[in-house]
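Q: Protein chains in written order, with our numbering: chain X, 58 to 301; chain P, 108 to 224.
One should not assume that every hint holds.
To be verified - Straight-line Cα separation of at most 25 Å, DMTMM-like style, residue types lysine to aspartate or glutamate; simulated pairs:
#1 Lys155(P) - Glu290(X)
#2 Lys155(P) - Asp109(X)
#3 Lys177(X) - Glu212(X)
#4 Lys185(P) - Glu120(P)
#5 Lys185(P) - Glu174(X)
#6 Lys205(X) - Glu174(X)
#7 Lys147(P) - Glu203(P)
#8 Lys138(X) - Glu203(P)
#9 Lys138(X) - Asp202(P)
#10 Lys181(X) - Glu278(X)
#11 Lys141(X) - Asp84(X)
#12 Lys141(X) - Glu203(P)
#13 Lys177(X) - Glu224(P)
#14 Lys185(P) - Asp109(X)
#15 Lys155(P) - Asp220(X)
#16 Lys177(X) - Asp202(P)
#17 Lys138(X) - Glu120(P)
#18 Lys177(X) - Asp199(X)
#19 Lys149(P) - Asp218(X)
#20 Lys205(X) - Glu290(X)
#21 Lys155(P) - Asp199(X)
#22 Lys138(X) - Glu174(X)
#23 Lys155(P) - Asp277(X)
#24 Lys185(P) - Asp123(X)
#25 Lys199(P) - Glu167(P)
#26 Lys103(X) - Glu120(P)
#27 Lys155(P) - Asp218(X)
#28 Lys103(X) - Asp145(X)
#29 Lys181(X) - Asp109(X)
#30 Lys155(P) - Asp219(X)
#31 Lys185(P) - Glu215(P)
#32 Lys185(P) - Glu212(X)
To be verified - Partial list, computed: chain P residues near chain X (C-beta under 10 Å):
#33 Val125
#34 Asn145
#35 Lys147
#36 Ile158
#37 Leu159
#38 Gln162
#39 Leu164
#40 Asn180
What the hints contain is simulated information worked out from the structure, not anything from laboratory work.
Nothing here was measured: the structure is a model prediction, and the numbers come from that model.
No residue lacks a Cβ here, since even glycine has one placed at the ideal position from N, Cα and C.
These are the residues of each chain, in order.
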Amino acid sequence: MSASSQTEVTPLRFGVVVFPGSNCDADSYDAVRSFSGTTARYLWHKDTQISDLDCVILPGGFSYGDYLRCGAIARFSPIMKSVKRFADEGGLVIGICNGFQILLEAGMLPGAMHQNEGLKFVCKLVNLRVENSETTFTTSYDRGQIIKVPIAHHEGNYFIDDDGLAQLEANRQVVVRYCDEDGETTAAANPNGSLSSIAGVCNRDGNVFGLMPHPERVCDEVIGGIDGRGVFESIIRAVAGNGS
Amino acid sequence: MNCHTEYRYCHPEVARVVILSAAKDLLHGSITVVKGINMKAKIYITPKAGILDPQGLTIERSLPALGFEGVTNVRVGKYIELELPDGDSAGKAVDEMCHQLLANPIIEDFEFELVPE
Numbered sequence: 058m059s060a061s062s063q064t065e066v067t068p069l070r071f072g073v074v075v076f077p078g079s080n081c082d083a084d085s086y087d088a089v090r091s092f093s094g095t096t097a098r099y100l101w102h103k104d105t106q107i108s109d110l111d112c113v114i115l116p117g118g119f120s121y122g123d124y125l126r127c128g129a130i131a132r133f134s135p136i137m138k139s140v141k142r143f144a145d146e147g148g149l150v151i152g153i154c155n156g157f158q159i160l161l162e163a164g165m166l167p168g169a170m171h172q173n174e175g176l177k178f179v180c181k182l183v184n185l186r187v188e189n190s191e192t193t194f195t196t197s198y199d200r201g202q203i204i205k206v207p208i209a210h211h212e213g214n215y216f217i218d219d220d221g222l223a224q225l226e227a228n229r230q231v232v233v234r235y236c237d238e239d240g241e242t243t244a245a246a247n248p249n250g251s252l253s254s255i256a257g258v259c260n261r262d263g264n265v266f267g268l269m270p271h272p273e274r275v276c277d278e279v280i281g282g283i284d285g286r287g288v289f290e291s292i293i294r295a296v297a298g299n300g301s
Numbered sequence: 108m109n110c111h112t113e114y115r116y117c118h119p120e121v122a123r124v125v126i127l128s129a130a131k132d133l134l135h136g137s138i139t140v141v142k143g144i145n146m147k148a149k150i151y152i153t154p155k156a157g158i159l160d161p162q163g164l165t166i167e168r169s170l171p172a173l174g175f176e177g178v179t180n181v182r183v184g185k186y187i188e189l190e191l192p193d194g195d196s197a198g199k200a201v202d203e204m205c206h207q208l209l210a211n212p213i214i215e216d217f218e219f220e221l222v223p224e
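With the rest of the complex left out, here is chain X (with noise of 0.2 Å):
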């Protein structure tokens, strides 16, 4: 991702993957477009051409129809490579609920996801508090914020085994955490279950992020807050910090 000859204002580029059955890719591309000097385009799951952008967007959804396991399908698909092949060259990827479930079924990230806890798909605003503030995704946030950022999902119970757990907490690769207003990770403030509170979590590299709130819902006050508006405004930091 090399930008050192850019001089003046160069639009940040995004990219939002659409495969069969995504239906939160306007979303993406709207939150995205409400910052100043970004631009975004669609990728269809069958583009290959994506080298150009800065960050891809995974968004949510129901890939191919969630069929045998949420993004075990979407995983194969044309555009999946690419996203694979950008990020192995730094560029930065960010999977939202279904595109995190994306990210796991590819190996991108470490984990897996299983049904909720209560069986149920959840739909709610929920606490997130942030683990790690110095991640690309998370630097407009102070470590230990709390933000509300609502969930709309049926698998997002995170499992990793004990190995897998301690190594992300030794690379501090959980990003964020589902507690209650005053911070507190208490079972009831898990809304699915998943292993240690977790919401989200980067690679090793911290250029690949997943999570299953959803940050691009709440990006704007007129639909219902802007907590989430900070993942955007931080890779757009740091993609202009890279190129200055």
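Mind docking chain P on chain X? Use the hints.
A: Coordinates of chain P only, in the frame set by chain X:
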């Protein structure tokens, strides 16, 4: 891109085509529809031992209400049947399919049997 607006849900046929092409990738193109002996693979996928199984737990808790006491360790998995050409590599192929697509080895175990169709 305007084609995305046509898809607010995924038609099973779209998923079928992607699965088939993924399966062909896995088998390095060796899937061919041949007129010959086919084997049926019966594949059982279950949650790994020790991993929380919310469905199994719920069923376990509901059985006593029907009068079935003492039932423990209910685990809910998947059963998949598929047919493929017979040959020395059939077992290896099914094993690969399970590893790469049909099961998620992080949370699921699988076993299968091959029977003549």
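Q: So if I understand the rule, the pair passes when the alpha-carbon distance is 25 Å or less; does Lys155(P) with Asp109(X) pass?
A: 41 Å, violated
Q: Does the interface hint hold: is Gln162(P) within less than 10 Å of chain X, judged Cβ to Cβ?
A: Status holds, d = 7 Å.
Q: Using Cβ atoms only, decide whether Leu164(P) comes closer than 10 Å to chain X, and label the hint accordingly.
A: This hint holds: Leu164(P) lies near chain X, its Cβ roughly 9 Å from the closest one there, short of 10 Å.
Q: Holds or violated: are the alpha carbons of Lys177(X) and Asp199(X) at most 25 Å from each other?
A: 32 Å, violated
Q: Hinted pair, alpha-carbon criterion (25 Å max): Lys185(P), Asp123(X). Please report holds or violated.
A: 15 Å, holds
Q: Verify the proposed pairing of Lys138(X) with Glu203(P), using a straight-line Cα cut of 25 Å.
A: 19 Å, holds
Q: Take a quick look at whether Lys205(X) and Glu174(X) sit within 25 Å of each other, Cα to Cα.
A: 21 Å, holds
Q: Can you confirm whether the C-alpha distance between Lys205(X) and Glu290(X) stays at or below 25 Å?
A: 16 Å, holds
Q: Are Lys185(P) and Glu120(P) close enough, with their CA atoms no more than 25 Å apart?
A: 21 Å, holds
Q: Should the hint that Ile158(P) touches chain X count as held when the rule is a Cβ pair under 10 Å?
A: 7 Å, holds
Q: Holds or violated: is the Cβ of Asn180(P) closer than 10 Å to a Cβ in chain X?
A: Interface hint status for Asn180(P): violated (17 Å vs cutoff 10 Å).
Q: Lys181(X) and Asp109(X) were given as a pair; does the straight-line alpha-carbon distance stay at or below 25 Å?
A: Not OK: Lys181(X) and Asp109(X) at ~36 Å, beyond 25 Å, violated.
Taken one by one, the earlier hints fail for this structure at numbers 1, 2, 13, 14, 16, 18, 19, 21, 22, 23, 25, 29, 34, 35, 40, listed in ascending order.
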